[in-house]
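*Asks:* Let the sequences and hints guide you as you build the complete structure.
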Amino acid sequence: MKSTLILSLLPFTALATPLVARQDERAKFNGTIVSSGSGCPPGSVHPVFNPNNEYVQITLDSQIAQVGPGFGEADREKLCRISLFVTHREGRSTVNARATIGGDVTIPAASRITGTLHRTYVVATGGEYRPADLTFTDRNVAFNQVDAFTVSPNVVGPAQRVLEYVFEGSVRLQTSSQPSPSALLKQAILNLDISQQS
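Numbering (mature numbering (1 follows the signal peptide of the UniProt record, and there is no 0)) for the sequence shown: -16 to -1, 1 to 182.
No lab work stands behind these hints: they were computed from the structure.
Derived DEER-like restraints, expressed as beta-carbon distance ranges:
no., residue 1, residue 2, range
1, A93, H30, 31 to 39 angstroms
2, A58, A93, 23 to 31 angstroms
3, N36, Q162, 48 to 56 angstroms
Quick reminder that beta carbons are idealized off the backbone N, C-alpha and C, glycines included.
*Replies:* Following this line, the structure appears as structure tokens:
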């Protein structure tokens, strides 16, 4: 089973005068990605950048928590930390982001199993955003969650600079049933759009 993380940097359009429209230059990835965690072991993270380095699609093979026959304690929780490095044009002070997370959960009814999806978004020197965890019980569905946030002002100084963008996520299943029936929680998709404002 594979999961996909899509990260796209979108331009911010502003009016220089009431009659003249100006589109800011897009921020760009520098092509470097660093991953770690039980949900992102070596060889399981596959980034693809577009030719202009304005967009990256990352496929994850292992961000799946499972319990039940054949699964042990290490399978109940998976952690993934992904760092990308973004070059920002000079003169920008605020970073806006909108993330859409999708996935699948399979938890049998009356199984006393709870699934938890945790995520944190961090921009180096610009603070972090940690939305409330998503929890699941007695469900067999695909899910979607939108996280929208603004990173602290003045994260980008008067000169062009490179900032580290980090996504930290975990999927976890907890059960009080012994033995536990089979259950699964998978982070399937992360769509993340980042725009710049002066």
